[in-house]
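Trainee: Hey, can you work out the whole structure from these sequences and the hints?
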Amino acid sequence: MSTTTTVSDRTPAPQLSGRLTAAKLPRWAPAGVAVLSIAVGCVIGAGAGLASHIQWGLISALLFVVLSFGLSAKVEGVRQAKDRLATSLIWVAFILAVVPLVSLVVYTVQQGAGVVDGNFLNHSMRGVLQSGPGGGIYHALLGTLQQVGLATAIAAPIGLLTAVYLVEYGRGRLAKTVTFFVDVMTGVPSIVAGLFVLSVWILGLGFTYSGFAGSLALAILMMPVVVRSTEEMLRLVPNELREASYALGVPKWKTILRVVIPTAIGGITTGVMLAVARITGETAPVMMLVFVSDSINPDPFNGPQMNLPVYIWQQYSQVNNSFGYARAWGAALVLIAFVMALNLVARGIARWRSPKAGN
Amino acid sequence: MTSAPPDHPGDRTPASTTPPGQPSTSLRGTGRLGDVLFRLASSGSGVLLLVIMAAIAGFLLYRSGMALSQDKTNFLTTFEWDPDNIVKPSFGIAVLAFGTIVSAAIAMAIAVPIAIGIALFISHYAPRRIAQPFAYLVDLLAAVPSIVYGLWGALYLVPHMAGLNDWLDHYLGWTYVFKVSQHGAPARNLFTVGILLAIMVLPIITAVSREVFRQVPRMHEEAALALGATRWEMVRTAVLPFGRPGIISASMLGLGRALGETIAVATVLSANSKLSLHLLDAGGGTFAQNIALKFGEAGKPGMNALMASGLVLFVITLLVNGGARLIIARRKEYSGANA
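Protein sequence lines, in the order shown, are assigned to chains A and B.
Residues in the first sequence are numbered from 116 upward in steps of one, following the working numbering.
Residues in the second sequence are numbered from 61 upward in steps of one, following the working numbering.
Heads up, some of the hints might be wrong.
One-sided and incomplete, this derived list gives chain A residues near chain B with beta-carbon spacing under 8 Å [said to hold, decoys possible]:
| id | residue |
| --- | --- |
| 1 | I205 |
| 2 | A208 |
| 3 | L216 |
| 4 | V224 |
| 5 | I269 |
| 6 | I273 |
| 7 | Y280 |
| 8 | F322 |
| 9 | W428 |
| 10 | F438 |
| 11 | G439 |
| 12 | A443 |
Hints were generated in silico from the structure; no laboratory data involved.
Where is the CB? At the ideal position from N, CA and C, for every residue including glycine.
Mentor: Set out below in structure tokens:
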């Protein structure tokens, strides 16, 4: 017994396709069945006069699952057939999920690509008829950058300090409570954050609608995300670095500022950028708090501003207005491109400068 | 213990006793000004987060109290939303609660099995060369803003749902739930909303469950295979039981998103204050969507009423998320045991 385990320890997991087993479908069988079922699916679809190609696809998928199960059950036995059934179901799930997600991206690019040009990017909607052509997103772009910038300036330091507290100082009941509520806060619906700022800042304290009010709500949404990711990064910093610093007589706060945070700065930057990407797309709280403006307002503390997601919403809301829809798609394309670029850069930084645990 | 100098021999713990990645907290600040200030600042911001959470709950409670005292009808069972009516302010959350729960339930019923399938595909089925970029793609899709989903849902998905609606009506109309009473109307109904929400939460559920499936101890899987299990039997006996708490909490995180989604619902649904079990008929509403649509024209009582509905949503998501976190936290205790 013991010799067997040592052998299996050393060699990679044995493939269960030994020659001693019963009959087995050839390797090309799944591909063959797939081709066959697609062909039959198309024939049925065309024969029954089904207009939607999605139905053709569904019939083919169903045929594939049934055929490969039946074939395998006949040749290989029920257990192998169940295995093939699970495999084909998982492939179907994969394809089912890819279709809408890819369709979303492709459709947005298709609709938006023709709209986005220099004029669209550096003009506002001031003096442009909502039902007419022209106009652009400059005011919304500016508003988004300012509001997200302000929100980051508020949320990033607080989030970072909270993470430092949780990792370096936190013990006992307070730390546990903070951890739990940070987790719960990640799930606060954005509209609730908007309502809260509305009730405190605007209805309670009497300030007017402004970009800054929107930033406050965005900051509330951003804080827990920053705390989560920063905390994970700080925990990856090897203890030996801290101990070496203490051994040299460096005070704790200086150790944190000069040793711990610089070691984890790559991961922290990634976390903050991902959080920025998340709040950039928030619509609901901003819509309630910054109001709507068609002209450029460069002052986020005074007067209504605009914001890309709100701009999309505004352009969409004019029902059956093809110019509005076109502008909405253009803005959506710019928004997706911005968010995806942030994501890609953030993940690039993470790969480039991640702290390596334990060396 | 706190006053012991850092280089005291008794205080030095060998590196091997503290697990890597768990910073030792045995060295505390020794009363230097910088240390005191830094500790105050960091614990202060921790407390600030708690204060914000408490303030959200407190302010919503306060406003809801004001709203409920003016409501002439039962808040829980009333259908219409008319808080600014001077003569008889009446509003209730029956329709909103129904719409929120039904659309989220449809989303979960569709998204969870598919997300588990994709997560298994990435972690155990796909050839490595496909799995890596695809995992990356799923993460990117999780970042697509909800307004873009909303725009796509309203302008692309709704027209394309017409065929499915007719089909469901034709073959499943007898179930009452899938009966269409106005033929030819655009599919701006709770069912479409549920499908859109499913597409939106799919990447999140997938990402979390994938991480859990990846942590399944290799030895468990190899033991199952060595006993002659097929790949599916290995997944069923080794991967899924280990990953179950992870799947549950991932689904609850997705559920939290689906419950609180605002703008995508607001673009797709054509809302009204009718509570109808005909899921394919346009109408209904959700908490978040109602707030987004009504706050613009709401007067003071109207605003308070919206805050009351926001409080209900807040409490629901708090419970869902808190539950998810508790499950994850319990899981941490045994996760690394056999790895």
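Trainee: Give a verdict on every hint.
Mentor: Structure-based check of each hint:
no.: 1; hint: I205; verdict: 5 Å, holds
no.: 2; hint: A208; verdict: 3 Å, holds
no.: 3; hint: L216; verdict: 5 Å, holds
no.: 4; hint: V224; verdict: 11 Å, violated
no.: 5; hint: I269; verdict: 11 Å, violated
no.: 6; hint: I273; verdict: 5 Å, holds
no.: 7; hint: Y280; verdict: 4 Å, holds
no.: 8; hint: F322; verdict: 15 Å, violated
no.: 9; hint: W428; verdict: 6 Å, holds
no.: 10; hint: F438; verdict: 14 Å, violated
no.: 11; hint: G439; verdict: 11 Å, violated
no.: 12; hint: A443; verdict: 6 Å, holds
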